[in-house]
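**Q** Model the full assembly from the supplied sequences, consistent with the hints where possible.
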Amino acid sequence: MFSQLRWLVARRGVARADWTDWLAWSYLLLGVLLMFGPVVWLVLSSFKTPAALNEFPPRLLPYGQKSVAVAGHTDALPVYRAKLPDGSVRELAELHRIGIQSTLVDPAAPEREYKVNIRDREPVRELAFAVGNYTEIFGKFSFGTYLWNSVFITVVATLITLLFNAMAAFALSKYRFRGRDAVFLLIISTLMIPPTIILVPNFLVVSELGMLNSLWGVIWPAVATPTGVFLLRQYMLTIPDELIDAARMDNASEWRIFWRIVLPLAAPALAVLAIFSVMWRWNDFLWPLIVLSRSEKFTLQLALNAFQGELTTQWHYLLAMTVITLLPVTLVFAFLQRHITAGIASAGIK
Amino acid sequence: MPDARYRGKSPQTFLLDVVDAPMRALQRVVGVPRIAWLFVAPNLLILALFTFLPIVIDFAYAFTGGAELYPGRRPWVGGENFATLFECTNYLDPSTCRKDLFWRSIFNTGKFAIVQVGLMVLFSLITALVLNRRIVARGFFRGVFFYPVLLSPVVVALVWKWVLQREGVLNALLAGAGASPVGWLTDAGWAFFWVVFVSIWAHMGFYTLILLAGLQAIPRDLYEAAEMDSASPWRRFSRITLPLLMPNLIVVLVLGLIRAVQVFDEVFVLTGGGPGSATMFIVQFIYQTGFAESIRLYGLAAAASLVLALTLLVLTFAQLRLTRRSLDNRATSRDV
Numbered sequence: 085m086f087s088q089l090r091w092l093v094a095r096r097g098v099a100r101a102d103w104t105d106w107l108a109w110s111y112l113l114l115g116v117l118l119m120f121g122p123v124v125w126l127v128l129s130s131f132k133t134p135a136a137l138n139e140f141p142p143r144l145l146p147y148g149q150k151s152v153a154v155a156g157h158t159d160a161l162p163v164y165r166a167k168l169p170d171g172s173v174r175e176l177a178e179l180h181r182i183g184i185q186s187t188l189v190d191p192a193a194p195e196r197e198y199k200v201n202i203r204d205r206e207p208v209r210e211l212a213f214a215v216g217n218y219t220e221i222f223g224k225f226s227f228g229t230y231l232w233n234s235v236f237i238t239v240v241a242t243l244i245t246l247l248f249n250a251m252a253a254f255a256l257s258k259y260r261f262r263g264r265d266a267v268f269l270l271i272i273s274t275l276m277i278p279p280t281i282i283l284v285p286n287f288l289v290v291s292e293l294g295m296l297n298s299l300w301g302v303i304w305p306a307v308a309t310p311t312g313v314f315l316l317r318q319y320m321l322t323i324p325d326e327l328i329d330a331a332r333m334d335n336a337s338e339w340r341i342f343w344r345i346v347l348p349l350a351a352p353a354l355a356v357l358a359i360f361s362v363m364w365r366w367n368d369f370l371w372p373l374i375v376l377s378r379s380e381k382f383t384l385q386l387a388l389n390a391f392q393g394e395l396t397t398q399w400h401y402l403l404a405m406t407v408i409t410l411l412p413v414t415l416v417f418a419f420l421q422r423h424i425t426a427g428i429a430s431a432g433i434k
Numbered sequence: 187m188p189d190a191r192y193r194g195k196s197p198q199t200f201l202l203d204v205v206d207a208p209m210r211a212l213q214r215v216v217g218v219p220r221i222a223w224l225f226v227a228p229n230l231l232i233l234a235l236f237t238f239l240p241i242v243i244d245f246a247y248a249f250t251g252g253a254e255l256y257p258g259r260r261p262w263v264g265g266e267n268f269a270t271l272f273e274c275t276n277y278l279d280p281s282t283c284r285k286d287l288f289w290r291s292i293f294n295t296g297k298f299a300i301v302q303v304g305l306m307v308l309f310s311l312i313t314a315l316v317l318n319r320r321i322v323a324r325g326f327f328r329g330v331f332f333y334p335v336l337l338s339p340v341v342v343a344l345v346w347k348w349v350l351q352r353e354g355v356l357n358a359l360l361a362g363a364g365a366s367p368v369g370w371l372t373d374a375g376w377a378f379f380w381v382v383f384v385s386i387w388a389h390m391g392f393y394t395l396i397l398l399a400g401l402q403a404i405p406r407d408l409y410e411a412a413e414m415d416s417a418s419p420w421r422r423f424s425r426i427t428l429p430l431l432m433p434n435l436i437v438v439l440v441l442g443l444i445r446a447v448q449v450f451d452e453v454f455v456l457t458g459g460g461p462g463s464a465t466m467f468i469v470q471f472i473y474q475t476g477f478a479e480s481i482r483l484y485g486l487a488a489a490a491s492l493v494l495a496l497t498l499l500v501l502t503f504a505q506l507r508l509t510r511r512s513l514d515n516r517a518t519s520r521d522v
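So the protein sequences, as listed, match chains V and Z. Numbers 85 to 434, taken from the working numbering, label the letters of the first sequence in order. Numbers 187 to 522, taken from the working numbering, label the letters of the second sequence in order.
If you are wondering where the hints come from, they were derived from the structure by calculation, not from laboratory data. You may find that some hints are simply not true.
What the hints assert, rightly or not - What the simulated footprint calls covered on chain V by chain Z, stretch by stretch (three residues with Cβ under 8 Å from a Cβ of chain Z suffice, anywhere in the stretch; the number is not a length): (1) 139-153; (2) 194-204; (3) 274-287; (4) 383-391; (5) 413-423.
Stated by the list, open to error - Sample of chain Z residues lacking proximity to chain V, with all beta carbon distances greater than 10 Å (derived): (6) Phe268; (7) Arg284; (8) Gly296; (9) Arg510.
Backbone N, C-alpha and C fix where the C-beta goes; we use that ideal spot for every residue, glycine too.
**A** As structure tokens, this is what we get:
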């Protein structure tokens, strides 16, 4: 059996796999299990009913009790596999249960009732995805508001980030003016000032500007990213100055040059920054936690944090919310992974 | 208009035209070189307002007392906030300190930074070495280790909370093996272990990428030459890979430390700093002192922020010096 697997494990250009190949391959498989396993488990669990979630030990796939419609009853009845007094085993629907006695009927012939001790019946289970977890959170927790807040912050902050950073990068790469290097250094030096050390004074600034409990209080402090300026400047340095000079000859204004020539040419770098900015803003936690204290202004991350304190008995909703929160990032990852990893490897940013 | 060539008719070009007229007039007044300031202005303004100004105010808070938010109304207390933080009879025993929580969080942060960064760099290095082999589906595996980096801290914490809770899948596996369940997040020792584990899980992909880029920059012919001289794999690793990877390793080490010292989000959601104060770290102390208590002690929080800032400053300068030196070493060793 191993001989068939050998092509998989062996390195390219090496005919036979040696023990280091097997070791490396096992490490990678363990990695897949460890990195994806917990997330897959969360997604599977999010489709379980509360009853299935309370089961211990848990099952891998979401199972629910089978139910069946019986003539004369408006609600669907749960199905049990019951051992009848005559010794036969049949699948019956339960009408009601009093004490330890259960009353069951055959769904096909509901006239005749069977009375069985509850120890002699066990539920019939089938694969069932509890989609209700997902639909109910929108009605019950104004989940739509949190989703909208998160989307609004992410989209608006990313657009402003792209515009402001590109403008600064354009000036720093295509003009010679007094103090240019000082400005560049000043912007880059803010990399050394993480938001964690200016929490208190920033709270004052934002509250003085009247932006407490406003989404703008999360957006504005975050848009002037030094990494974005750095990334875009390095890219714009590669745009030939001749293009700009030619446009000036044609009497194009500086703004028009920026908007119509430099921005389109810097599109690849803008795309990388856009991906990063979307992930930064979507995942932000500490700063929104401080600025947004009213629940109607919560982002998804804040709502999840608030609920995980309160809803420990309602994991089925919490799990569904978590899945929706990780969905956009997972899609970005699935389609743009190559760009992200290339961006990190070249610029060392995160 | 002479610049008709750069004109379009779509909505965003209309927007361009609206902004263009005033910009053109301004350009005529101030001249082309100085228009550059206009381009850097928005970015600089934001930085001034939300980064540089707050640093100044940070000091104003750290040296004033009371619970008032406006610095002008706060009484000057000199170094009292720092004195409060550093008042201890025995610095090695947090319970003898006036602010025992501060010292506990400092100890925890130090312990966390050393253990987490050490293990994370080790595993990132192993992973990068494995991924650097010519294996099938390398891109896929690189993505696998990178995926958690993209997840938000809250999601990371909830994913693991679901695995680790008392009736979670880990305890179920234990029960299947006949062992009794463990309170992974309610036992102080285990909670610390899982905080370290989860934070390695969430971040190692990023550091693996940096190390992988470094590994791929090592010229292949060096290994071929070593193979000709029949050098053992260990010798190849210790004499070629390790020295040439050293600059990347130092970057990873210091970036990891800078990040580890500021650990907050995942831990806050996963354990809330508990049980007790077993996983309480310095940023959570700042957050709680400044924002979560009924009496908000901004001065004390700002003083603790400055202590953190000093630590980060030292780490950053260490990085700058070390990377420069190792780059010099690399250059000289190549000359020889």
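**Q** Work down the list of hints and note, for each, if the structure agrees.
**A** Structure-based check of all given hints:
Counting residues of the stretch 139-153 of chain V whose C-beta sits closer than 8 Å to any C-beta of chain Z gives 3, which meets the bar of three, so the coverage hint holds. With 0 residues carrying a beta carbon less than 8 Å from a beta carbon of chain Z, the stretch 194-204 of chain V misses the three-residue requirement, and the given coverage is violated. Judged by the Cβ-Cβ criterion of 8 Å, the stretch 274-287 of chain V is covered by chain Z as claimed, because 12 of its residues qualify and three suffice. Check result for the stretch 383-391 of chain V against chain Z: holds, 3 residues qualifying (beta carbon to beta carbon below 8 Å, three or more required).
Only residues whose C-beta sits within less than 8 Å of a C-beta in chain Z count toward coverage, and the stretch 413-423 of chain V has 6 of them, enough to reach three; the restraint holds. With a least beta-carbon separation of about 15 Å from chain V, Phe268 (chain Z) lies farther than 10 Å from that chain, consistent with its non-interface assignment. The claim that Arg284 (chain Z) lies off the interface holds: its Cβ sits roughly 20 Å from the closest Cβ of chain V, which is beyond the 10 Å cut-off. Listed as outside the interface, Gly296 (chain Z) is consistent with that label: its C-beta sits roughly 16 Å from the nearest C-beta of chain V, beyond the 10 Å cut-off.
No beta-carbon of chain V is positioned within 10 Å of the beta-carbon of Arg510 (chain Z); the least distance is around 16 Å.
Violated hints amount to a single one, hint 2; each of the other numbered hints is respected by the structure.
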